[in-house]
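Start from the sequences and build out the full structure, keeping to the hints where you can.
Chain by chain, the residues run as shown.
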Amino acid sequence: MNPIDIFGNVINNLNDSGHHKAARRVLEIGWGAMGIKMKHFPDKRLIPADRYLAPMMMDVMMKPLIEPQNSAVVSIFTACELLEEVGLNPYNAEAFSSYISASHAEREMLDIMDSDGISETFCSYHKIFAGAAVAKLMPAPRCIVHTNLICDANLVSFRRMQQVFQVPLFYIDVPIRQDESSVAYVERQLRELKTFLEEVTGKKIDDDALSERVARSKRTLNNYQRFQELRADRQILTDLVSPLYCAMSNNILLGTEQEEKYTQMLLEDVVAAPPKKGKHIYWMHALPYWSDSVYSLLAFNESAQIVGNEIGQTCSADFETDNPYRGMAQRMVYNSLNGTGSRRIDIGIKHAKDAGSDGVVWFNHWGCKHTIGISQLAKKRFEEAGIPCLILDGDACDRSHGGEGQTSTRLSAFLEMIGAI
Amino acid sequence: MQCSIQCPTYYVCKYTPVELLSAMGADCQTLNDMPDNFDLAEQYCGPNICGFGKSVLEKVLTGQVHELILVDCCDVMRSVYDVIAATGKVDFLYITDMLHCYKSCAKDMLVDELKRLISAYGEYKGTSFSIEKFYDAFHEKHETSLPHIEVLGARMGTQLFDMVKDTMGIEVVNETCVNNRRVGNVIPPADMGMDELLQWYAGEIFAQTPCMRMADPTGRRRLYEDPNLRGIIYHTVKFCDFYSFEYAQIKDSVDVPILKIESDYTTQSTGQLKTRLEAFNESLGFEEQPGSADNREIQMTRGYVAGIDSGSTSTDVVILDKDLNIAAKTIIPTGAGAAISADKALDMALEGTGLTREDIDATVTTGYGRAAIEIGDKSVTEISCHARGAHFLDPSIRTVIDIGGQDSKVISLDEDGNVTNFAMNDKCAAGTGRFFEMMANTMQVSLDEFATMGLSHKEDITISNTCSVFAESEVVSLIAQNKAANDIVYGLDKAVATRTLGLVNRVGGTPNYMMTGGVAKNTSLVRVLEDKLNSKLVISEHAQLCGAIGAALYAREMVS
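Chains U and X supply the protein sequences, listed in that same order. Numbered as in my numbering, the first sequence ends at 818 without a single skipped number. Numbered as in my numbering, the second sequence ends at 561 without a single skipped number.
Quick caveat, the hints were computed from the structure, so don't treat them as lab data. Fair warning: this is a prediction, and the values are worked out from it, not measured in the lab. Note that beta-carbon positions come from the ideal geometry of N, C-alpha and C, so glycine has one too. Please note that the accuracy of each hint is not assured.
Facing chain X, according to a computed beta carbon distance under 8 angstroms, are these residues of chain U, among others [stated by the list, open to error]:
#, residue
1, 545
2, 550
3, 572
4, 575
5, 734
6, 738
7, 797
Here it is, written out as structure tokens:
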């Protein structure tokens with residue numbers, strides 16, 4: 398048994414026997430040690446920005462364990478600037494579940510939910526997240542803030558968590574139509590969220606400070622967009638987790654100084670990067686960071702590199718900052734995953750082209766019905782736009798839905814087809 | 002292009018403004034048919050989305066739909082909208098933006114949406130909103146005040162609901178999805194202006210019993226707190242996840258018996274669902290319709306009764322004498338035909354006993370093939386029969402774990418051997434004898450070897466999936482990693498035991514446990530399962546005959 402298996406077993410055994418605090422403490426020690434390693438002994442093959450990003454994300458995951466009373470459970474596309482203003486650390490299903498899975502402690506969480514009668518086809522990110530709450534591995538947060546953006550799982554898993562934690566919950570309803578009335582509807586709710594958070598924490602939100610924070614979000618997103626365009630003719634090698642970290646941080650950490658610094662570093666790194674060599678692969682939807690097959694074909698590979706992930710680019714920088722509530726509402730309503738699937742595909746094509754992509758992987762994450770449902774349409778549309786597209790079935794978080802052999806064959810054949818091998 | 006003939010305007014969701022569309026001249030009908038397969042749909046959207054979404058697509062692709070109003074009910078419906086739009090096969094396609102909650106300005110938002118629909122449909126159809134037609138479209142819905150069973154959960158298609166109605170001995174009300182649309186019960190107040198009328202109408206749409214995609218579904222409580230409710234058939238559709246959460250929440254708290262069934266929204270697999278429905282009906286005590294053929298009394302002659310269990314793998318026969326001793330028994334492979342095997346097994350059981358068929362006063366059949374067997378006086382589901390059989394073999398048993406060739410089930414029973422709850426695996430080989438056969442085949446070992454290999458494991462490998470497709474690829478990966486065969490088998494045993502434990506928990510199983518079915522011979526699995534249950538499993542020497550014994554006991558009840 399490898400050390401991570403042992404680590405996961407220790408956590409699960411402690412948790413099973415009712416020692417939830419001890420299980421969390423082991424998790425905290427393990428993650429803390431990993432954070433120290435990431436900070437002081439980073440993988441030197443990564444660009445400096447990505448070396449900075451890894452421990453930053455680890456900190457985000459540690460905070461709910463260390464100070465749950467100052468943390469809030471959120472769905473990934475919740476505008477989190479308001480939470481940051483009242484000192485609440487946001488953490489989301491996708492990130493937390495990935496870390497649990499990386500710690501090999503996910504099986505118990507999945508089994509608990511299966512045993513409860515939750516369907517096998519439910520998204521593994523949300524299943525592990527809610528399972529960790531039910532299993533009491535996750536401590537109770539101060540509150541829960543979530544939206545329907547942009548998957549059905551958001552509508553059920555957070556309700557379940559509230560039943561477990563018995564903490565205040567705020568829900569932001571986002572219509573699917575991109576127009577002024579939708580923005581006004583969301584803006585009104587964000588103003589209500591301000592009141593909710595002030596009541597929950599007893600702290601006051603200063604609208605000027607919020608404006609500055611939202612302006613920082615805008616600068617951050619502009620930086621990132623600029624970076625993506627500049628990388629089109631550069632070669633930047635990466636592992637599989639850095640695009641995922643970015644997918645998390647470019648959503649829940651928008652408005653923070655760390656995230657802005659990360660994007661500033663990216664702009665410095667891209668200038669120093671060597672010219673493009675090998676094929677650029679843009680990744681749609683979640684990335685199976687745990688897959689050895691994907692790692693061996695795309696991580697630190699001069700012949701083919703991942704140059705962007707859809708989830709890291711869902712927010713456009715085109716929003717107001719004078720009225721921060723309206724700005725955040727615009728960002729949510731115009732999220733690239735909101736609305737029709739055609740809109741999502743069009744934005745994906747644009748982002749893939751911006752990054753000089755030679756191919757796209759459309760990852761059908763098990764349980765994501767929207768992604769799976771439009772996958773054939775997406776393939777057709779990407780190819781019509783001149784970008785070869787591979788539909789890859791799998792699970793970004795639950796290894797048991799893996800099928801490594803198939804993944805390897807499909808991805809290898811695709812890379813051969815576009816001349817990357 | 003407008004449909005040249007008067008064609009229905011199909012809709013799928015209860016939040017569809019049906020009365021408004023009627024006021025525009027539309028003939029609104031729900032899409033509720035279950036297709037036989039998704040041959041066309043899966044070419045466009047892949048297999049792993051909910052069957053209802055695929056059924057809508059299938060109907061469109063076969064050219065049966067010209068006007069379709071969707072609602073952004075869920076991720077699948079949003080996908081289906083895009084896929085249909087790309088085919089260009091529907092003359093009028095519209096998706097309604099339905100908010101998830103009734104917040105302050107939600108009603109205004111819905112009114113705007115209604116106006117957009119009036120405009121879009123009017124432009125397509127060349128019609129305008131008729132107040133008279135709008136008022137005419139409101140019809141009060143019949144609400145039963147009689148004792149009844151409700152079908153709750155995810156949308157149930159017409160064919161399956163018809164089977165439910167035919168099976169249950171009591172009125173059944175379909176409260177799933179579009180079927181519990183309640184708009185129309187209140188007639189609009191007179192003399193309202195258009196804006197005021199639409200405001201009122203938007204309020205009526207929101208005021209319906211919420212579905213699970215709404216942010217606050219607490220209004221659904223009225224569905225399971227009805228004083229006339231006698232039972233719930235809780236339906237889920239494969240790849241629709243909303244309702245498993247409601248089921249998890251209410252399964253232990255409702256005051257009436259609840260049965261969970263899952264369909265893939267095709268007409269296939271009705272056999273397994275029918276068994277569950279019949280068993281549920283039996284457990285509710287509705288099966289004994291006075292004067293029915295199944296309820297007739299038979300005069301005792303020699304006092305022998307027979308039970309025939311026609312399973313997917315074997316056909317088992319037990320003959321009991323008048324003192325309930327086993328006078329004869331046999332187990333043969335089912336082979337190609339259930340009826341032929343049943344005949345043959347009965348003859349083989351009688352062989353050498355000096356008995357003939359005429360000596361048997363009553364025969365009850367059970368198992369998958371029971372409907373196809375002509376011999377027999379009555380047919381009872383294998384669930385009731387296993388419970389009765391287990392109680393006969395050991396009256397202390399409160400939970401039966403039966404893992405057979407094609408399905409696995411857990412039955413909880415009371416001190417008299419009556420079924421109080423049960424759960425079965427869903428439509429796949431997961432956690433069944435067939436699963437073990439497939440895995441043994443993958444590992445190229447015999448089933449007998451497979452049954453004990455896990456006992457000698459050294460490494461604690463976790464195989465997390467009992468889906469035969471996923472598990473097979475996990476096993477292949479482990480073989481490639483040179484993992485020991487014994488350890489892999491142990492991993493598979495653990496996976497099946499975990500799944501079985503989930504079924505035990507679902508029915509609230511308590512000791513003592515009995516294991517029946519062919520998989521009871523798998524010593525390695527039995528050991529793991531005992532560890533998980535923290536209790537010994539009683540495995541009777543007659544474990545494989547449990548269903549047939551139960552059937553014979555039912556036959557005995559028919560004889561006076």
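Do the hints match the structure? See the list:
1. Satisfaction of the interface hint for residue 545/U is found here, the shortest Cβ-Cβ separation to chain X being roughly 5 angstroms, below the 8 angstroms cut-off.
2. With 8 angstroms as the threshold, the beta carbon of residue 550/U comes within range of chain X, its nearest partner Cβ sitting at about 7 angstroms, so the hint holds.
3. Checking residue 572/U against chain X: minimum C-beta separation of about 5 angstroms stays under 8 angstroms; hint holds.
4. Taken as an interface hint, residue 575/U does not check out: its beta carbon lies about 10 angstroms from the nearest beta carbon of chain X, beyond 8 angstroms.
5. Because the smallest distance between the Cβ of residue 734/U and any Cβ of chain X comes to about 10 angstroms, over 8 angstroms, the interface hint for this residue is violated.
6. Among the interface hints, the one on residue 738/U holds; its C-beta lies about 4 angstroms from the nearest C-beta in chain X, closer than the 8 angstroms criterion.
7. Look at residue 797/U: its Cβ gets to within about 3 angstroms of chain X, closer than 8 angstroms, so that hint holds up.
Comparing the model with each numbered hint stated earlier shows that hints 4 and 5 do not hold.
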